[in-house]
Structures are given as structure tokens and as C-alpha cells.
Amino acid sequence: MTDHSRRIEQFVVAVRRRINRHRLWTTLIWAMALGAAATVGVGLFYTLQGYAVPGGWIVGLAGVSFVIAVAAWAARRYNNERASHFADRHFDLKDSVTSFRHFDAQDRHDGYYALQANDTTKRVADLDHRKIAYRLPRRVLAVALGLLAVAVFLGMQGPSEEVKERLALEEFTQEATLAINEELAELVEELKKETTDAPEEKLLEPDKLRRWVDELKETRDQKEALRQYARLERKLDKARLALNRRKDEQLLDRAAKELKKSPETKKLGEKLQQKKYDNAADQMEKMKPQAKQSPEKKQLEKRRRELARLKAMSQRLAAAARSSKSPSQGKNSSAKQSNKSGKQSKSNKSSPANNSSKSGGNFSGGDSEGSELAEAIEDLAESVEDMDEMLKKACDSKKCDEKLLKKCQSCQGDVGDQLDKLSKCLKRLGTCRRADKKLCKLKRACGQCQGKLCNGCCSGSGTCAGGLKPGWGSNTARRDQTDELVDNGQTTQLKGIKGQGPSMTSVESADSGSGVSTRRSKAKQREFKRQAESFVQREDVPEQVKQGVKRYFQIIHENELETSNKEDSNE
Amino acid sequence: MTIAEADAKQAADRFIDTFNRIRAEISKFIVGQEDIIEQVLLAVVSGGHVLIEGVPGLGKTALVHALSQALHLKFSRIQFTPDLLPADVVGTQVLTDRDGVKDLRFQPGPVFCNVLLADEINRATPKTQSALLETMQEKSVTVAGQTHPLELPFFVLATQNPIEQEGTYPLPEAQLDRFFFKLFVDVPNHKEFALILNRTGGLTRPIVEPVASGEDVLDMEKTLREVPIDDEVQDHLIHIVRATHPTIDGATEQVQKFVRHGASPRAAQAMLAASRGRALLSGRYHVSRDDVNAVAAPALRHRMILSFEGEAEGVRTDDIIQQLIEQLS
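Which chain is which? The protein sequence lines are F and G, in order. Per the numbering used here, the first sequence starts with residue 25, numbered consecutively. Per the numbering used here, the second sequence starts with residue 10, numbered consecutively.
These are calculated hints, taken from the structure and not from any lab test. Positions of the beta carbon are idealized from the N, C-alpha and C atoms, including for glycine. It is possible that part of the hints are untrue.
What the hints assert, rightly or not - Below, computed lysine-lysine pairings styled on DSBU-like, alpha-carbon distance capped at 35 Å:
#, chain 1, residue 1, chain 2, residue 2
1, F, 146, F, 284
2, F, 146, G, 111
3, F, 155, G, 231
4, F, 146, G, 148
Unchecked claim - Listed next, the stretches of chain F that the computed footprint assigns to chain G, with coverage defined by at least 3 CB atoms under 8 Å from CB atoms of chain G:
#, region
5, 110 to 120
6, 133 to 139
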């Protein structure tokens with residue numbers, strides 16, 4: 025490197041450094057302006073919604089702005105070539121430095137090139153790179169500072185009261201959902217531990233319950249939380265519905281009343297009334313005739329006496345079963361009975377296919393189960409009747425032959441089978457009842473959880489559905505404030521179909537001329553009809569009451585028809 | 010300092026010295042017009058011809074006459090008229106009788122000189138104008154199949170009047186392209202007017218003395234061609250010349266709209282030579298962008314042919330060139 029090139033290169037490097045320093049400042053000022061503008065934008069976005077600007081955003085934007093500034097500076101910074109151009113322009117060197125550097129790079133040093141190098145070196149020696157003044161972008165700086173001030177102001181703003189409450193509620197909801205989920209999980213675990221009985225476990229399916237509870241999420245959204253608990257509650261309702269043995273229980277209630285009438289069966293009746301179905305089943309099993317049949321008359325009569333107790337019980341049970349059936353069902357059952365032919369029908373009923381369909385399903389329907397119990401009771405009554413008849417025949421005959429004895433033995437077996445079947449039904453009912461209780465407990469807990477969430481919402485927001493918070497009253501008679509209804513996820517949207525369903529309004533046509541308007545009475549009649557229909561459709565109303573209401577309206581209708589016919593005939 | 014460097018320094022100093030002496034001598038007679046004098050001299054030392062345009066009485070002919078006197082060169086003047094014939098310019102064969110032997114002998118025309126003043130060149134017919142083509146480019150004359158070289162240095166300084174267009178024949182593009190520079194002589198300012206009157210109004214008139222010879226001019230041309238130019242600056246020059254063409258990529262909208270033909274490579278050569286001369290005169294030993302930009306207008310203005318739209322709009326080629334330079338700088 026020649027002396028000329030060294031000196032000129034030094035000058036160029038000094039110029040380059042100075043320019044790059046200037047450019048760095050300028051780039052930082054621009055980055056500050058852009059960063060501040062972005063922060064103001066984000067700040068406005070949050071502040072207008074009532075939130076405080078998250079510190080992460082401010083730090084992040086500042087960091088990103090700085091990184092962008094440094095990257096932009098690095099990309100746009102001057103190298104020696106550009107610096108030499110700048111020096112030529114700035115010091116009016118007429119391309120001396122640039123030309124020299126290029127000639128030097130091409131290794132041209134003789135003649136005019138040497139003269140050019142000398143000349144350039146002389147010119148450069150007189151120059152001072154510090155005279156390159158920095159032109160501060162004043163406007164940009166002013167804008168940047170202004171934006172920065174606004175950004176700081178926005179950054180210092182806290183959240184609004186409303187948002188604070190909302191955030192508190194969200195936090196509460198999150199904590200509450202976490203606690204509730206844990207509580208429900210513990211409850212399910214307890215249920216699982218309590219459920220030692222295999223059939224009950226099969227019905228209850230604790231793993232499934234556990235899965236349902238595990239599906240519950242920890243959420244900040246109160247509505248979503250309420251919705252998920254409502255969903256769980258619905259699932260539990262469905263499960264309970266599948267376990268529902270309402271008809272059986274009604275039948276057994278009735279049977280209990282019947283059984284209590286007789287001192288022999290009073291104990292059994294009491295157990296049934298107390299819904300201790302397992303104990304009742306045990307007691308029934310004890311009533312099973314077990315002794316071997318002997319041809320002796322005394323023994324036969326003893327058996328018959330023993331059977332009398334069972335017969336009384338079975339007859340009372342059968343009476344209760346018959347009374348519980350509706351007239352149509354009764355007809356069907358009587359038809360069935362008439363069609364049945366002794367043992368064949370019994371063996372059909374106790375076939376494996378039937379058993380599997382009845383006991384296999386975890387949450388099978390209550391109606392089929394009801395009929396099964398009734399049938400079992402009726403079959404038991406029949407079997408006991410048959411056995412009683414056989415024993416009577418055997419006692420009446422002078423000599424009890426082997427054939428008759430075998431028949432008696434067979435009847436005894438049938439009775440035992442039917443008793444087993446009935447006791448199984450009772451045990452299953454007991455299991456269902458226990459499982460239902462547990463599901464009910466879980467459901468109750470779920471409902472309580474929703475209540476907790478709602479209470480939290482009311483206490484958090486200060487206002488709750490239906491009124492202001494306690495202690496806040498109003499002197500004015502009129503309430504100006506509208507309270508928001510809390511959506512607990514249990515609302516159901518009903519969609520009507522146009523043209524279908526009862527309408528509250530209708531056009532009444534009447535003949536022209538004099539007459540008495542019946543519009544009011546018709547409307548009242550319609551109202552009664554609607555009420556009656558809704559009453560009849562209610563599930564919690566006992567069947568007897570429903571029948572009574574139906575009957576009442578049928579009678580009224582008949583009377584109305586008669587009076588109208590009479591009026592027509594008179595006219 | 011090396012020998013080459015010392016020689017270069019000496020040559021450069023001699024160039025500047027001679028140039029300044031000629032300029033000073035011409036300035037004795039010509040008042041003002043410093044730029045025109047410098048550009049004419051740059052063209053002369055670059056071996057080029059100059060077309061000077063200006064209204065009558067601005068001293069065009071006087072400038073050329075003063076130049077020829079300052080250079081101590083053989084000077085000829087042709088007043089171009091419509092009836093002027095090529096033979097009147099380049100010379101012709103004449104029948105001579107020498108001792109009873111009749112012979113055809115070439116009679117040289119007025120072009121056989123060092124400095125030719127083609128006054129009002131646009132008044133001659135194109136045929137006569139074309140007679141100068143070979144003379145200007147090849148610096149020789151071919152008559153009756155025989156080529157007669159001209160004495161060097163040779164340069165044509167042509168003048169034309171822009172206002173009297175009746176009975177004129179515009180120079181063809183080929184002819185125009187052979188002119189190194191086209192210069193516009195402007196009206197002198199008040200002070201210059203007064204000086205002109207003072208100098209010419211009395212009994213004595215300034216006398217221009219010869220301060221340089223033809224050899225000096227040729228030496229100056231040689232010196233000028235050695236001045237280095239950076240590749241970047243040369244690229245800048247090429248960009249300017251190419252940008253005058255409407256068909257190339259990157260041509261400005263104005264060029265595309267108003268220019269029919271752009272400048273030739275001869276224009277680039279002229280610009281390079283003139284830039285080098287200008288650099289030396291500025292005391293620099295390299296060509297800068299400013300030198301290139303400064304000589305662009307006189308070197309390009311007559312080589313750019315305007316389109317019909319350009320002519321109709323009254324667009325000046327100087328404006329287009331200025332815009333190009335601003336865009337490329």
C-alpha cells in the first residue's frame with residue numbers, strides 16, 4: 025500500500041465511521057418514532073376497551089423497534105466505497121477520492137495516475153472529516169418524543185372499574201372451576217370406592233363418570249364454565265333416567281300396602297315400603313319351598329300350609345301388579361295369560377335371550393323393567409297357584425302316586441325359580457336405586473357448583489339478576505337500571521313450528537242474527553283444556569290422578585254433548 | 010517523482026499554459042463569450058469541428074478569425090450561398106498548358122487550410138454541404154479519383170443563422186454528427202456591449218498575435234488523450250449518451266415522447282475528449298462527473314433529433330439533456 029492510498033484510505037474510513045454514526049442516530053430516532061407510534065396504537069386499542077396496556081407489549085415493541093433499527097442500520101450503513109462517494113460529494117472533490125481508489129485497485133500508478141494520486145492526497149490532507157455535520161431530523165425527533173409521551177401516559181393508565189370486575193370474575197371463575205373440578209373428581213373417586221358391588225359398578229360406570237369429570241376444563245369464561253357443568257348435569261340426568269325404575273317402585277309401593285294388610289306379610293311389606301329391596305329379596309328367598317316332597321299326607325298338608333303364606337303374599341303382589349297396569353295393558357296381560365300355556369310360557373319368559381335383554385343393558389328403560397317385575401309377580405302367583413292345586417290334589421287323593429308327586433316336585437321347582445327371578449328383580453332394583461342415589465349426589469354437587477359460580481358472579485359484579493346488591497336501595501319507585509340476566513347455560517331455546525300447536529287466538533264465527541256470544545266460555549274451555557293436557561303430560565303426577573282428571577273431562581265432555589244434542593232436538 | 014510523472018506534469022502544464030495563452034489572445038478581440046471561447050478551443054484541441062449558431066452580428070466570424078490569427082494557422086473562409094458548388098469548396102481539375110503540353114491539374118479549393126470558416130453553412134445546397142463530409146471526417150479531399158490529404162491540424166468552424174430560414178437547407182444528420190460541438194452565441198450583456206463599443210469604436214483596433222502553432226495544437230490533442238478517466242465516470246458518460254435514445258430500456262418519458270433519434274458513439278467520443286480537456290483546465294488529472302455533465306449539452310444537442318411532437322411542442326434538446334443529467338447524477 026502506497027503512502028497516498030494509506031492516507032486516503034484513512035480519510036475514507038474516518039468519513040465512513042462518522043457517517044455511520046450519524047445514520048445510527050437517525051435510524052434510532054426513526055425507530056423510536058415508529059416504536060412509539062406502534063405503542064400508542066396498541067395502548068389505544070387496550071385503553072379504549074378499558075384494559076391496562078400489558079407491560080409485555082411495551083417491552084416487546086421497544087425491543088422489536090430497537091432490533092429493527094439496528095438491522096436497518098446494519099443494512100444501510102456505508103462501506104468505504106459509498107463513503108468515498110460521499111466524501112467526493114460533500115467536500116466537492118470532483119470524484120477525486122473515488123477515482124483514486126479505483127485507479128489504485130487497478131494498480132495504475134504511473135504518469136497521470138501518479139499526478140492524480142498526489143493531487144488527491146493534497147486535497148484530502150486539508151480536509152477534516154469532523155466537518156461533516158450531523159443533520160438532526162428535528163421533526164421526526166419531535167414527533168417521536170410526542171408519541172413517546174403519549175405512549176407513557178397510556179402505559180400508566182390502569183384498567184377501568186368494569187374491566188377490573190371482569191378480570192376479578194375471570195380469575196374467580198378460573199379458581200372456582202379448578203376447585204370444582206377437583207371436588208367433582210374427588211366425589212367420583214369416592215363413588216368409585218363406595219361402589220364395591222359388581223352389578224352396581226356396571227350400572228354406575230365410575231370410569232365413564234370419571235371421564236366426564238376429566239373432560240371439564242379449567243376456564244376463565246364463566247358462561248363456558250356454567251355450560252360445561254350444565255352439560256355434565258344433563259349427562260347425569262340422562263344416566264339417572266336410564267336407571268329410573270319408577271313404575272317398579274310404584275308397583276312395589278302398592279304391593280307393600282297390600283302386603284301390610286296381612287300380618288303374615290306385613291314385615292315384607294314394610295321392607296318394600298322402606299325401599300329395602302335387598303332385604304325384601306332375601307326374605308323372599310327364605311320363603312322358597314325347599315323340602316322334598318313325600319307321599320305322606322301329613323307332610324303334604326304341612327307343605328300346603330306353608331305354601332299358604334307364600335300364596336297369600338303372591339296373590340297380594342299379583343293384585344297390586346294387576347291394579348298398577350292400565351286397562352289396555354291389563355287387557356293385553358289377560359290376553360297373554362289366556363294365551364299362555366303353563367310351563368311353556370314360563371320357560372319362554374325365562375329364556376336367556378330375554379334375560380340378557382333385561383339385565384344386560386346398564387341403563388335400560390324403566391317401562392320394560394316394570395312389566396318384567398309385574399310379569400314375574402304374576403308368574404309367581406300362577407306357579408304358587410299351580411303348586412297349591414297340585415298339593416290339594418295330592419292331599420285329596422287317597423293315594424299319592426309317583427306321577428302326582430313328580431308334578432308337585434316340578435311345581436315346587438317352578439315356584440323356586442319364580443321366587444329367584446322376583447328376588448333378582450328386587451335386587452336389581454335395589455342396585456339401581458343405590459346407583460341412582462349416587463348419581464343424584466353427583467348431580468346435586470354439580471348443581472351446587474353452578475350455584476357457587478353464579479354466586480361468585482353476583483358478588484363479583486356488584487349487581488345480580490333481579491336487583492342490586494344487598495344494602496343498595498332506591499328511593500324512586502321506578503327502576504331505571506336494567507339488570508342483565510345471567511346465562512347459566514341451562515336455558516333451552518324453543519322453536520315453534522308455524523301452524524302447529526295450540527294457538528291462543530282464534531277467529532270465532534257465529535251465525536248472523538240474535539244469539540248469545542260464547543266466545544268467553546269457549547276461551548275458558550280452551551284454557552281448561554290446555555291446563556288439563558299439560559297436567560296429564562306431567563311425569564311427576566301419579567297415574568291414578570291423571571286417570572281421574574282424564575275421566576273428569578271425559579264426563580264433562582259427554583255431558584256437554586248430551587246437552588247440545590238435546591238442544592238440537594228441541595230446536 | 011518518476012520520469013513518466015514528470016513528463017506528464019510537464020505536458021499538462023504546457024497544455025494549460027498554451028490553452029490559456031490562446032484564450033487570452035482571443036479575448037483581446039472578443040468581448041465576453043468566455044464559455045464559447047473555451048468550448049471552441051476545447052473542440053479545436055480535441056481535433057473537432059464546431060458549429061456556431063447565433064443571430065448576425067454577435068461576433069461568430071470574428072471569433073473564428075481571431076482564433077486563426079492566434080494559432081498562426083492558414084485560414085480560409087467560404088461564404089455559403091445556394092449557388093455554391095462542391096468544386097468551389099474542395100477544388101477542381103483545371104486544364105493547363107505548360108510548354109504546349111495540355112494537362113489536367115488539381116486546383117485545391119478553400120478547404121486546403123488549417124482553419125476553415127464555413128459561414129452560413131445552411132445556405133448552401135445539400136450537395137455542397139455534403140462536399141464537406143469527407144473533409145471533416147477523413148481530413149482529405151478526393152477529386153477525380155485522387156485523394157488529397159489536408160494539412161493538420163484541420164478544423165471547420167461553421168456558422169449558421171437561426172432566424173433567416175427562407176432559402177436555407179438544414180444540415181443533414183450525418184453532417185451534424187461530424188461537428189464536435191454545437192454552440193449558441195448569445196447576446197452580450199450591457200457591460201460587454203459597452204466594452205465592444207469601446208474596443209471597436211476608436212481608431213485603433215486590437216491586434217491578435219499568434220501565440221501557438223499547429224504543432225502545439227497537435228501536442229495538446231495528444232496530451233489530452235492521456236488524461237485518465239475512472240470506469241465509473243465513463244459509465245456515467247455512456248449512460249447519458251444511451252439515455253438520449255428513445256428505444257432503449259430506462260429512457261425517460263420525455264425522451265420517449267420527444268426524441269426521434271439519439272446521439273451516436275461519436276458523441277461519446279466528443280464528450281470524453283472535451284471532458285478530459287476540461288479536467289486539465291480545472292487543474293485535475295482525472296475526469297469527473299462534473300466535466301462530463303458540463304460538456305454534455307454542446308456535444309449532444311445537435312445529435313439528438315426531435316420527433317414531430319418535440320418540434321410541435323417547441324421542446325429544447327438542452328432541457329432534455331439537463332433532465333437526463335439530473336436523473337443520472
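When the hints from earlier in the document are held up against this structure, which numbers fail?
1, 2, 3, 4
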